[in-house]
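**Student:** First to last, the sequence lines map onto chains Y and W. Just so you know, we're using the working numbering here: the first sequence kicks off at 1 and counts up by one. Just so you know, we're using the working numbering here: the second sequence kicks off at 1001 and counts up by one.
There could be a bad hint or two in this list.
What the hints assert, rightly or not - Some chain W residues close to chain Y (C-beta under 8 Å, calculated; not the full set):
#: 1; residue: Gln1061
#: 2; residue: Ala1088
#: 3; residue: Thr1109
#: 4; residue: Ser1275
#: 5; residue: Ala1278
#: 6; residue: Asp1303
As the list claims (entries may be wrong) - Cut-off 25 Å, straight-line C-alpha distance, at most; resulting in silico cross-link-like pairs (PhoX-like, lysine-lysine):
#: 7; chain 1: Y; residue 1: Lys285; chain 2: Y; residue 2: Lys320
#: 8; chain 1: W; residue 1: Lys1224; chain 2: W; residue 2: Lys1202
#: 9; chain 1: Y; residue 1: Lys181; chain 2: W; residue 2: Lys1033
#: 10; chain 1: Y; residue 1: Lys292; chain 2: Y; residue 2: Lys279
#: 11; chain 1: Y; residue 1: Lys310; chain 2: Y; residue 2: Lys150
#: 12; chain 1: Y; residue 1: Lys52; chain 2: Y; residue 2: Lys320
#: 13; chain 1: Y; residue 1: Lys150; chain 2: W; residue 2: Lys1033
#: 14; chain 1: Y; residue 1: Lys285; chain 2: Y; residue 2: Lys74
#: 15; chain 1: W; residue 1: Lys1100; chain 2: Y; residue 2: Lys52
#: 16; chain 1: Y; residue 1: Lys74; chain 2: W; residue 2: Lys1224
#: 17; chain 1: Y; residue 1: Lys268; chain 2: Y; residue 2: Lys181
#: 18; chain 1: W; residue 1: Lys1196; chain 2: W; residue 2: Lys1110
#: 19; chain 1: Y; residue 1: Lys150; chain 2: W; residue 2: Lys1196
#: 20; chain 1: W; residue 1: Lys1202; chain 2: Y; residue 2: Lys153
#: 21; chain 1: W; residue 1: Lys1100; chain 2: W; residue 2: Lys1110
#: 22; chain 1: Y; residue 1: Lys268; chain 2: Y; residue 2: Lys320
If you're looking for bench data, these hints aren't it; they were derived computationally from the structure. Every residue gets a Cβ at the ideal spot worked out from N, C-alpha and C, and that includes glycine.
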Amino acid sequence: MSTQKDRAPVAAGSGLNDDIGEQKRLDLYRSQVRLREAEQRAFDLFLQNLVKGTSHLSLGQEAIASGFAEAMVKGDLSFCTYRGHAHTLARGVPVEKVLGELMQRDNGLMRGKGGSMHLTSEEHGVMGSYAIIGAHLPIACGAAWRAQYKGDKDVSVCFFGDGTTNIGAFHEALNFAAVWKLPVIFVCENNLYMEYTPIGDVTAVQHPAADRASAYGLERIVIDGNDADEVYRTAQKAYAKARAGEGPSLIEAMTYRHSGHSRADPAKYRPEGELEKWKERDPIKIYRERLKQFGVSDETIDAIHADVMKEVDDATEACKAAPNPPLDILTTDVYADGGWAWRN
Amino acid sequence: MAEITYRDAVARGIAQEMARDPDVVFLGEDVAKAGGVFKATVGLYEQFGPLRVRDTPISEQAILGAAMGAAMTGLKPIAEIMFSDFFAVCFDYIANEFPKSRYMSNGQTKCPLVVRTGNGAGSRFGAQHSQSVENWCMMIPGLKVVAPSTPLDVIGLLAAAVRDPDPVIFLEHKSLYATKGEVPDGEILDTLGTAKIVRPGKDCTIVALALMVSRALAAAETLKNEHGIDAEVIDVRSLVPLDTRTILASVAKTNRLFTVEENPRLCGWGAEIVSIVADEAFYDLDGPPVRITTPHIPLPAADLLEDIVLPTPERIVDTVRRSLGS
Ligand SMILES: Cc1ncc(C[n+]2csc(CCOP(=O)(O)OP(=O)(O)O)c2C)c(N)n1
Ligand SMILES: [Mg+2]
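If we strip away everything but chain Y, and leave its shape as in the complex, we get (with noise of 0.2 Å):
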């Protein structure tokens, strides 16, 4: 795998590169760790037939979700897939709400109006999550069109997976975001399939995004998507592109998901031992041998999990006791006047 080529420089003697700094490592850990939980906890409840409809799961994905949503500041703006209760999470959208509307209860995310593949938490900076994949690709330049115009300096983000390489919508997005220099980050999420298909079966170079940056005059970007570090400061490099006015990143991150594409799927395309290889390189894990060489006590690791644990058991405790969404929500928000009216 090839990685960028200026890294951070390395602390000399360590053998460990300081630049992160222990706060930002410690939220980088505390907010894998609780998307991990959180998407655990769904599929377990999915399991007890308490998550209805379907889900996406990004286990093993986390370093991703976390390492750009801590080099975010306020404002900055998210656009997800389906694949999105990582990223949701990762803005700081409480658990509850997150897990109340894979469960379709009234204290979800939209009430259940939605559902778990358009999560949707504006005030966190999250513009929704969309099922149609790239779709979010041109929205998300339509959002980073209003900041330069405007004069703000927020940056829009989108993530999607490698497969929607091959879609319309992202080279007509990312020519567009080239043209205009639009403050806008692409993230392709490569974990290796779009359902059930490799993407090395359909596409005709080795990296689907990388492999196409440069024609849309883009530095050509893999990283290791497992590494939050990696993803963080990569992720600081493109908002600090894109808010200087230098126009939009595409960047490859490699991963892998643990858990099949959506539901139960048990993955059974997958060649054998391809998900230990993996586990082995689980983002987790990773990091949490990371912190420990960075001297990070067991006890405060230990705490971080307690934490989140805390923050899931209850999320799960209140949706499981929440009611279903009240039918007097069905005709609202058709219409910007908050109702269904087609005619008078």
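Following the hints, put chain W with the ligands in place on chain Y, whose structure we already have.
**Tutor:** For chain W with the ligands alone, kept in the frame of chain Y given last:
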């Protein structure tokens, strides 16, 4: 007061709104420096500059997606899709994204934008550059759908569409661009969801849209002069919201209903109006409601063939006469 073309009314309507509100921006293919392929946006680039009037690549998804992202975050974009037939390559935004984001997000996401497009037949362009696609849009909850028939309505309804907080599909009829009409000086602002009685009458109601309005009016003249039938003609103007009151009140008075639709037959907007009248005004009717439409075929290019398939004043006169038994 001045007489201007429908085409110039488009530019005037956009200019009026851009001058009023700095959040109104405009994008599309060849719309800025070239002034649009139908020359309906000439002068806007010069007046409002390259930051507000922007040429895009041939990327219909990027155009509509960018309009949506801008609308969600505070702008009031007007996007042009050159021919309405091209909605088919960016229909995700029209069918899935604009109209559903507010509902799915439980009211969090706003989408105040206008998509302007050249709609309709008469240019001998054939089946992929001539369609009337208002029904494609009307069937989607969350959209508003407007189709003006005069320069005055172009300005007033466009202004209303830009100021409306919902996504509005604004269908300009290509065969009307060169037509002229009187418009007053100063700001013009109309109301979405209002139909207009453009010719009062007592013997039957003819409901029409866009290019079909002038044909219905011409038919009404002949019906009156040659057959003694006094037809009331209603310009629907706005399919969503739909002004059913004006239509129902007219049918209550005339007791007969005709719709004149340029779209192919199946699921045309007239079917919806007929169904509403059948449900709610059945006992006002003295005879079956009748739909006059383009037959259910792709549009041919040749002038002779195209002229035959679109509803004409003669066909309207004929149909009304036969139905009324005179
Ligand atoms: C336009 C469109 N085509 C197909 C689908 C069905 N679909 C949902 S997810 C998916 C796979 C996407 O793969 P990728 O972009 O790699 O994202 P991942 O699921 O791996 O995160 C497909 C084909 C869809 N939702 N939208
Ligand atoms: Mg994938």
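**Student:** Confirm or reject each hint.
**Tutor:** So, going through the hints one by one against the coordinates:
{"no.": "1", "hint": "Gln1061", "in the structure": "holds (5 Å)"}
{"no.": "2", "hint": "Ala1088", "in the structure": "violated (13 Å)"}
{"no.": "3", "hint": "Thr1109", "in the structure": "holds (6 Å)"}
{"no.": "4", "hint": "Ser1275", "in the structure": "violated (12 Å)"}
{"no.": "5", "hint": "Ala1278", "in the structure": "violated (15 Å)"}
{"no.": "6", "hint": "Asp1303", "in the structure": "violated (35 Å)"}
{"no.": "7", "hint": "Y:Lys285 with Y:Lys320", "in the structure": "violated (31 Å)"}
{"no.": "8", "hint": "W:Lys1224 with W:Lys1202", "in the structure": "holds (11 Å)"}
{"no.": "9", "hint": "Y:Lys181 with W:Lys1033", "in the structure": "holds (19 Å)"}
{"no.": "10", "hint": "Y:Lys292 with Y:Lys279", "in the structure": "holds (19 Å)"}
{"no.": "11", "hint": "Y:Lys310 with Y:Lys150", "in the structure": "violated (42 Å)"}
{"no.": "12", "hint": "Y:Lys52 with Y:Lys320", "in the structure": "holds (13 Å)"}
{"no.": "13", "hint": "Y:Lys150 with W:Lys1033", "in the structure": "holds (22 Å)"}
{"no.": "14", "hint": "Y:Lys285 with Y:Lys74", "in the structure": "violated (29 Å)"}
{"no.": "15", "hint": "W:Lys1100 with Y:Lys52", "in the structure": "holds (21 Å)"}
{"no.": "16", "hint": "Y:Lys74 with W:Lys1224", "in the structure": "violated (68 Å)"}
{"no.": "17", "hint": "Y:Lys268 with Y:Lys181", "in the structure": "violated (42 Å)"}
{"no.": "18", "hint": "W:Lys1196 with W:Lys1110", "in the structure": "violated (29 Å)"}
{"no.": "19", "hint": "Y:Lys150 with W:Lys1196", "in the structure": "violated (39 Å)"}
{"no.": "20", "hint": "W:Lys1202 with Y:Lys153", "in the structure": "violated (62 Å)"}
{"no.": "21", "hint": "W:Lys1100 with W:Lys1110", "in the structure": "holds (10 Å)"}
{"no.": "22", "hint": "Y:Lys268 with Y:Lys320", "in the structure": "violated (32 Å)"}
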